[in-house]
Structures are given as C-alpha cells and as structure tokens.
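Top to bottom, those sequences are chains A and B. Okay, so the first sequence: first residue is 8 according to my numbering, each after it adds one. Okay, so the second sequence: first residue is 291 according to my numbering, each after it adds one.
No lab work stands behind these hints: they were computed from the structure. Source: prediction; values computed, not measured. Any given hint might turn out to be false.
Said to hold, decoys possible - Cross-link-like lysine to any residue pairs, in silico, SDA-like; alpha carbons within 25 Å at most:
#	chain 1	residue 1	chain 2	residue 2
1	B	K363	A	K247
2	B	K542	A	K247
3	B	K462	A	T455
4	B	K363	A	I280
5	A	K247	A	T455
6	A	K278	B	T468
7	A	K465	B	T468
Unchecked claim - Incomplete in silico selection of chain A near chain B, CB under 7 Å:
#	residue
8	Q98
9	N101
10	Q478
11	W480
12	L501
Said to hold, decoys possible - Residues from chain B that keep clear of chain A, each with C-beta distances beyond 10 Å, as calculated:
#	residue
13	K352
14	L386
15	T461
For each residue, glycine too, the CB sits at the ideal point set by N, CA and C.
These are the residues of each chain, in order.
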Amino acid sequence: MKKSLKYTALALAALMCAGLAGCGKDNADSSVNTDYDSEYLISDEPIELTCFFIRNDSKYSEDLDMWKKAAEMTNVSLKTVSSKNVSDKQQAFNTMLASGNIPDIVVYDDAKTYLSQYGQEGAFEPIDELIKEYAPHIQKEFDRPEIKNYVTASDGHIYYVPSMNQAKIAAGWFIRQDWLDKLGLPMPTTVDEYHDTLLAFRNNDPNGNGIQDEVPYFSRFNGMGYLLYLWDATETFTQKDGVVYYGPTGDEFKTGYANITKWYNEGLIDKEIYTRGGKSRDKLLGENVGGSTHDWFGSTAQFNDMLKDSVPGINFVAFAPPNGKEYVIREQALVQGAGISANSKYKVEAVKFMDFFFSDAGSKLMNFGLEGVHYDMVDGKPVFRDFVIHGDKTAIDILQEAGSCSQFPYMQDFWYEEQWLNDTAKAGVELYLDNNYLVDPFPTLSFTQEEQDLINEKMPDIQTYLSETTQEWVFGNKDVESEFAGFVEQLKKLGIDEVTEVYQAAYDRYLGK
Amino acid sequence: MSSRAKVGKQKNIGTNRSLMSRIIRDRQLYLILIPFLLYYIIFVYKPMGGILIAFKDYSVYKGIADSPWVGLKYFEQFFNGEYFVRLLRNTSLISLYTIIFSFPAPLILALLLNEVRHAKFKSAIQTCTYLPHFISAVVIAGLVTNFLAPSNGLINNIIRMFGGESIYFLTKPEYFRTIYILMNIWTEVGYGSIVYIAAISAIDMQLYEACEIDGGNRFTKMWHVTLPGILPTIVTLFIIAIGGFLNVGYEKIILLYQPATYETADIISTYVYRIGIEQANYSMSTAVNLFNSVIGFILVSMANYISNKVNDTGLW
Numbered sequence: 008m009k010k011s012l013k014y015t016a017l018a019l020a021a022l023m024c025a026g027l028a029g030c031g032k033d034n035a036d037s038s039v040n041t042d043y044d045s046e047y048l049i050s051d052e053p054i055e056l057t058c059f060f061i062r063n064d065s066k067y068s069e070d071l072d073m074w075k076k077a078a079e080m081t082n083v084s085l086k087t088v089s090s091k092n093v094s095d096k097q098q099a100f101n102t103m104l105a106s107g108n109i110p111d112i113v114v115y116d117d118a119k120t121y122l123s124q125y126g127q128e129g130a131f132e133p134i135d136e137l138i139k140e141y142a143p144h145i146q147k148e149f150d151r152p153e154i155k156n157y158v159t160a161s162d163g164h165i166y167y168v169p170s171m172n173q174a175k176i177a178a179g180w181f182i183r184q185d186w187l188d189k190l191g192l193p194m195p196t197t198v199d200e201y202h203d204t205l206l207a208f209r210n211n212d213p214n215g216n217g218i219q220d221e222v223p224y225f226s227r228f229n230g231m232g233y234l235l236y237l238w239d240a241t242e243t244f245t246q247k248d249g250v251v252y253y254g255p256t257g258d259e260f261k262t263g264y265a266n267i268t269k270w271y272n273e274g275l276i277d278k279e280i281y282t283r284g285g286k287s288r289d290k291l292l293g294e295n296v297g298g299s300t301h302d303w304f305g306s307t308a309q310f311n312d313m314l315k316d317s318v319p320g321i322n323f324v325a326f327a328p329p330n331g332k333e334y335v336i337r338e339q340a341l342v343q344g345a346g347i348s349a350n351s352k353y354k355v356e357a358v359k360f361m362d363f364f365f366s367d368a369g370s371k372l373m374n375f376g377l378e379g380v381h382y383d384m385v386d387g388k389p390v391f392r393d394f395v396i397h398g399d400k401t402a403i404d405i406l407q408e409a410g411s412c413s414q415f416p417y418m419q420d421f422w423y424e425e426q427w428l429n430d431t432a433k434a435g436v437e438l439y440l441d442n443n444y445l446v447d448p449f450p451t452l453s454f455t456q457e458e459q460d461l462i463n464e465k466m467p468d469i470q471t472y473l474s475e476t477t478q479e480w481v482f483g484n485k486d487v488e489s490e491f492a493g494f495v496e497q498l499k500k501l502g503i504d505e506v507t508e509v510y511q512a513a514y515d516r517y518l519g520k
Numbered sequence: 291m292s293s294r295a296k297v298g299k300q301k302n303i304g305t306n307r308s309l310m311s312r313i314i315r316d317r318q319l320y321l322i323l324i325p326f327l328l329y330y331i332i333f334v335y336k337p338m339g340g341i342l343i344a345f346k347d348y349s350v351y352k353g354i355a356d357s358p359w360v361g362l363k364y365f366e367q368f369f370n371g372e373y374f375v376r377l378l379r380n381t382s383l384i385s386l387y388t389i390i391f392s393f394p395a396p397l398i399l400a401l402l403l404n405e406v407r408h409a410k411f412k413s414a415i416q417t418c419t420y421l422p423h424f425i426s427a428v429v430i431a432g433l434v435t436n437f438l439a440p441s442n443g444l445i446n447n448i449i450r451m452f453g454g455e456s457i458y459f460l461t462k463p464e465y466f467r468t469i470y471i472l473m474n475i476w477t478e479v480g481y482g483s484i485v486y487i488a489a490i491s492a493i494d495m496q497l498y499e500a501c502e503i504d505g506g507n508r509f510t511k512m513w514h515v516t517l518p519g520i521l522p523t524i525v526t527l528f529i530i531a532i533g534g535f536l537n538v539g540y541e542k543i544i545l546l547y548q549p550a551t552y553e554t555a556d557i558i559s560t561y562v563y564r565i566g567i568e569q570a571n572y573s574m575s576t577a578v579n580l581f582n583s584v585i586g587f588i589l590v591s592m593a594n595y596i597s598n599k600v601n602d603t604g605l606w
C-alpha cells in the first residue's frame, strides 16, 4: 500500500514536470515572430546552428535568458556541441579540429591566430565577402582601417569577427592624495617630480606609524612593464615613423632601465615586485603601505570604498601620466572572436546571426542584459537596475549568468562600465580623456606561416635573455649605460634583426602598403 | 645423442602443448587480462605513432599523416639554441641532487619511524609528514615564496632576529636548487616513506629475534635485517627514479623561478613550457620530449644492467 502510494506520487511528479516542460516549450514556440517586427528575423523557419563555445567558468549555456531572447528575435538558436565541462579550452579546440567535424560557429580565445591559421588550411570560411553582403553592422566596423587591418590574415582574407571595444580608456596612474596632503606635496607633473614624490613617500613616513615600511611604487602585474612607459620605452615591438624596431634595442629603453635600476635601489619600487603576485594591490593598500601604482580605473578606485574603515582617510586618486602619455589602452578589436566552419550549411545565417549582436537590439542584449529585468530605458539610455550595480555579486557576474557580456563577439559599450564606476574612477577617466593622453599601441600583426616559424624559433631565446638581463641590472644595481651596447649586440646575435624584418613586413601589410 | 635430441624435441612439443592447454584451462583469467592489454594498446602503444610529429610541421587540422615532413629541423633548433647547454646542465644537476638528497630521505624517515615504539607518536608523525603531499603545488610554492619573502617572511625574520641582513632568496641563483630540493623533500618525504614502511612490515619477525639472540643491537638489526629485507624495493624505486632523470617536473619550478634565477633554475621542461606558451608548438615539444625519453631509456637500461650484475635484482 505504502509502496504503491510512493509510486503514484513519483508518477504524478513526473507528469507535472513533463507538463511544465511542455508548457515552457509551447510558450517559447508561440512567442516566436509575434512580439517583434521582422527587422531582426534571419530565417522564416527556426533554425539551429551548432557552435563551439567554451567558457572556463561554465556560465555559458544556450538555455540562458539572453540567448533565448536572441533566438526569439532572430529565429536562430545556438546548440553547443562542445562539452560544457572542459577545463582545457585549447585541448577541446584541438580535438574539434582534429576530428574534422567543425561546428557552424566557432568561438575561441585566440581566434585571430588560430582561426586565421586553420582557415588558410581550409577549416574555416573566409568571411570578408559574406560580411560585405549580409552583415552591414559588422561591415561598418570593418570599414574602419584600424579594425580591418587588425582582423585581416596574412593572405588578405578575414576569418573571424572579433570582440570589440568602444572605449580605449582602460588604466592610469594612481597615487595616495591623502599622503601628498599630509606631506604638503603637490601632485607630481613630470617624471622627475614623480621620483621626488616617491622618495618623500619612502623617507617621510606618510602613513605615520613611525616605521619605514612604505612601498612607494608597486604593481600587481609582476615587473617593470608599466614603469617603462614613463620613459616611452617598451619590452615589445614598436615603431617610429613607420620603421619597426624591437623596443629593448631603443635608446629610450636604456634610459628607462637606467632609471628603474636607480629607483629600485633607492627603495622607491616594491622590493618584491617580481614575486608578490596578483594580490599585491589588495595587500599593500590594505596594510596602508602602498603609495602609487598603475592600474585599471574601475577596480583601483573601488579600494577607497572598500578600505574606508580600515585605512581612515585613504584617498587613492588617478593623476595625469607624469610624461603626458598613457600607453595602456584597450585594443579596439580583440584576438578573441568567432569564425564560421568552411563546411557549414548555414554560412549566411551564421554571419547574419553574428551581425545581430552588432545591431542596436543585439548590442543591448549583450551589454545590458534584458530590458525590464536588468535595465530600464531612461532618456533613451539603458540604466541598470539597482541589484545589478549594488548586488551581492559584481555586475559582470550577474550579467554573465543571464548570458550577456559574453565572449561571443559584440561591441562593448563603455556606458555598461561607466554606470558602476565610482566618482574617483569617473574623475580619472575624464582627466585622461579630456587631455588626450591615450597613445595608440603597436598593433597585433598577422604573420604568414613562414614568418611565424621564424618568430617561434628566435623569440623564446630572445625573451629569455631580455627578462634575465633586465632583472640582473635591477637586482645587481648595474650601470645600464655601460652594459647596454653589449646587451644590444647579444640581441643581434640571437637574431633580433631577422625577427624585426619579419615584423616590418607584417606591419607594412597592416598599413596596406 | 639422438635420444637426447628426441627428448628435447618431445619436451619442446610438450611445453607448447601445455602452454596452449594452460591458456585454455585458465581462459577465464586471460579474459580478465584483456581489458588491461587493450588499455596498453590503445593508450600507450597506439599514441607512440604520434612521435612522428617531432619530424613534421604538425598542424592539428591537417592531421599527422598530411603534415609536411621537416626532418630533424626541431632537433637542430633545440640543440643549436643559445641555452641548450645551460638547460641540459640545470636539468641534470637538479636531477642528480634529487637522487642524492630527495631519494634517500623517505627511506631514512621509514627506518627512523620503524624504531619508534610509541604508536600514537608514530602515527602523528606519519600524518604530519604525509600532509604536504596532498596540498597543490601552487599553494606549496606560495607558502615557500611567503616564507622566503625579504620584507616579512619567516626565514628572513629569523635572520634579522639574529642581527643578519635579510636576503631576497628567490632572486639569487645560488640558492635556487637548495630551495627546490628542500621543498621537494618537505612535500614528498612522508608519502614516499609509505612504500618502505609497508616493505619493512613484511619482514619476518623471527629474523629480528635471531639477530637479537646473536647479540645484535638496534643498529645492527637495522643494518643486517631491515635494509637487506627491503633492498629489492629500494632498487626498484631507484631504477624508476633514474628513468625520470631528465623529466624534472616543471610546475614547481615555474612557480618558484624568476628570470634572475634562470641561470640555475631554467630546465628543459620549463623552456619547452615557455615555447608552448608563446605558440602551440607541438612539434618542438614532441622533439624535446623524445630526446628526454631516449636519455631516460638509456639510463634505465644501464641502471638495470648494473643492478642485475651487482645485486641479482632488477626490473627485468
């Protein structure tokens, strides 16, 4: 008796589930094509595109609200054929390629390199013509030379649609304004003044605990990369008047490292800058010992709110680059993006579907989530609801759980980020934008297979030598001026000239020469 | 003469027949063996064909068969590289130190623990020494980095307490190998001793009693009973350790080293890792690993040969 009751209950439960699922489905089906004009409709019949799409945090699923909404509007839905529990994206990508069974749309981290490479071998479709014909919104972006040159592979075709950024502004210089006030110092405006300020932080006990424990400059991005920008130097390839050269062979690199070595041995730079790791910003600001850094506006300004109880009076503000130039900016197009299988039956639909996310409606879905759920339209602008900005989770987590802010290519609207910046961060962003500090970086280039082979052969040794030698200078307090000639000579011996030629050729192609 | 030959022949046929009949008789056991044979064929022998990509410009999409041959290009690149000699030297030295210092450590711990009579104290020690093995390498390396930090690391605090100058250990090439070997001993000594403790417990107690009657003290018992009793285990583990001579695990080194310590810390596998990070250069990694395996195979064969000559024990 008891047993049969149990089974009845189970059966009932099963029935109810089935009923619910059925209802859900019916609803979805009936709503297709009804609420929207056909502006975004891609196909009259609902079609399903297979897709390779892995997020390591496994938040992506075609069942998320945003994707359902997109499917309603376009009649195109995605079906991921990759496993959702893969931790190693690269391995999954390789397995997919090796199987020869490539889904209609492939989303990948480094689409620029790999989709272009395997596209030239025949795995992915060259999409330049398709985009011209069927994807007006993407084509509008591709009409900008900096985007077009960026995505074009070495054979002149385009094999992927990149994720894009509307804003260039990303990061800037930060300093403890309250320390400056306490020591009666002005805001540094030149590199020399910055040096003297850091020296004062070091010597004059701005945190007032009587111990010389201040760390004037620190960076959570291990190393001196950002500091080098103060002398307009870089550790990567760069160009001057169209002539490409390896940053470390330039004179500005010598000046930069001569100063960095001096600064380090004066105690102005975190002694443990190479080993402290990604948490150094939390640690050094939290312990009230960090004085200045170079970091992202949004997250760095937030420390003022987070630490206002434990570090009274903390006022960590952005200041103008001491040399007047900001080199750390967001690339307008990213290496991550999506391509289309050369064997796909739905190439046109796939291109149109990608284009949808660059249209007004699709772009809103990706940037802001669902209207009425995550945001409301106020004065023609999508404004996030309170729970998105002030919830228990970060805005990006909440949006990603709905499927938005995805790795699937779209144009990231700066308004999305601006809404949750605090006043300190906003002031920093304004300061940098109003004064035009941003400098365009040397682009990520596209290489032919032969060029890539040469780079693969030479660069590991060159980079090993570079990082090893610069650390020797810093730790050994070496006289960089006298060491520099030998350093450049060794780089030449390791083949830097040949690699530079390759970069020059790729750069000329990039410029369309 | 002829009868002997006949006997030999008969015997031969006899064994053949009995082998077949034994297989038929024990067919159920052989059935159980099949999955394991399949495992080795599918996951160990079949992938060996992949070694070919060391001699090819491998493209995942084209597959092994269709990728173009490049001969010894990747071997030449590796051997002619600026840092080949340094890589080989660092790899061999770290391996050598591991064999000299890390290999005997669990053995010594097992022998010491065997002499402990207080059961609770013994198991407490065992648990404490096992524990680090179960902590991930990232955490271990983080702990070591913190202990050695110049500003407020444990070790430097002690040095300063005695009036010394703090040392930034992780940027000094001369300390790297010591740090690495000590860290390895700390994490693996307890876990490694389990095998020895098991082997020791299998020794017949009568042998100890006999030794005692002969007037042996604790030390002579250890020397003449315990050690010979576990010698085959030691030899087996030693030969296996020799086989991995050039396969030094790179994870811990990657987590600990700095460009400033490349001089003593950069080994073959970390170098390959950096190449791999640059580009997915599978052919190059395969070439280097093939080189590692060949050296490893030669060393194992040598160790096994010597062991068979000297000890009459070996892997084959």
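Going through the hints against the structure:
1. B:K363 / A:K247: Given that 25 Å is the threshold and the Cα spacing comes to 35 Å, the pair is violated.
2. B:K542 / A:K247: violated (41 Å)
3. B:K462 / A:T455: This hinted pair is violated, its Cα atoms lying about 40 Å apart.
4. B:K363 / A:I280: violated (39 Å)
5. A:K247 / A:T455: holds (23 Å)
6. A:K278 / B:T468: holds (22 Å)
7. A:K465 / B:T468: violated (32 Å)
8. Q98: violated (10 Å)
9. N101: holds (5 Å)
10. Q478: holds (4 Å)
11. W480: Constraint on W480 (chain A) not satisfied, violated at 10 Å.
12. L501: holds (6 Å)
13. K352: Since the minimum Cβ distance to chain A is about 6 Å, K352 (chain B) lies within 10 Å and the statement is violated.
14. L386: holds (23 Å)
15. T461: violated (5 Å)
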